Amino acid sequence: MNVVRRAGGIWYFIVVIASAGLFAAVPFAHAAHRLRKRSLWQWTALYAIASIALVLLMPSSQGQPAASTTDLRSSIGGLAVIVLIVAACIQLSGIRREVYGLPQPVRPPVQPQQPWAADPAVTTALMWRARREEARGIVARDPALARDLRIGRPDLPRQYDDGGLVDINTAPPSVIAHHCGLDERAVRQIERARSQRPLPFQSVDELLVFAELDVSVWDLIRERAVVYV
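Here numbering that gives the first Met the number 0 is used: the first residue of the sequence shown is 0, the next is one more, and so on.
These aren't lab readings, by the way, just hints derived from the structure by calculation.
Just so you know, nobody snuck in bad clues.
Straight-line alpha carbon distances no greater than 20 Å define the calculated SDA-like cross-link-like pairs of lysine to any residue that follow:
#1 Lys-36 / Asp-141
#2 Lys-36 / Val-226
#3 Lys-36 / Leu-101
#4 Lys-36 / Asn-168
#5 Lys-36 / Ala-47
#6 Lys-36 / Tyr-99
The calculated label-pair distances, taken between Cβ atoms and stated as ranges, are:
#7 Gly-136 / Asp-182: 28 to 34 Å
#8 Ala-17 / Leu-55: 20 to 26 Å
#9 Ala-17 / Pro-156: 47 to 53 Å
#10 Arg-140 / Asp-182: 30 to 36 Å
#11 Ile-51 / Asp-182: 35 to 41 Å
#12 Tyr-159 / Val-214: 29 to 35 Å
#13 Ser-73 / Gly-100: 37 to 43 Å
Just so it is clear, the structure is predicted and the values come from calculations on it, not from any experiment.
C-beta: ideal position from N, C-alpha, C; glycine also.
Construct the complete structure from the given sequences, taking the supplied hints into account.
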């Protein structure tokens, strides 16, 4: 029974990959209908527009354009297909869990062991990690309350301490970089990625991919980042 449940929504990825991204809007439309979220309808429209643009981009046999032009359009079209498939699958991985009620991936709790477990610094670090997980739970269960508490916005006045989380969609890039231990280059990459997207990121992994951040900093960002869906 668990196997069947875990397979729920796999068709999202099959449709996207089998259609070379042309029907990527279909899973988003299904999710938008099930979850009744306006943002998902907006993503449905964007993927539909992208699919139409992809069809227009592909070279046509009519008119027999120059070989160099055809090769260029084919190369651009092939790259666009890959980008469309990867982007859609990344977004759908989290959306699918919400639609079909699948469990979110949870990192196993850290079990301190001697001798370092007795170190006050380790105890404090684990306490703040637990605080961040508690704050993430509030974001998942009650986004409105989370916004009132300003979870993920250390740059704003607030009374609730979320353990050092940063909202990747609304917190200033410099604040994100400071709390995640990133350099100035990462700040510019995050700023560019956010300015180029018409809608907020739906998951932390989207930011990692679209901002083209170095893999070495992914775990640092995942530890501190939060996103409102």
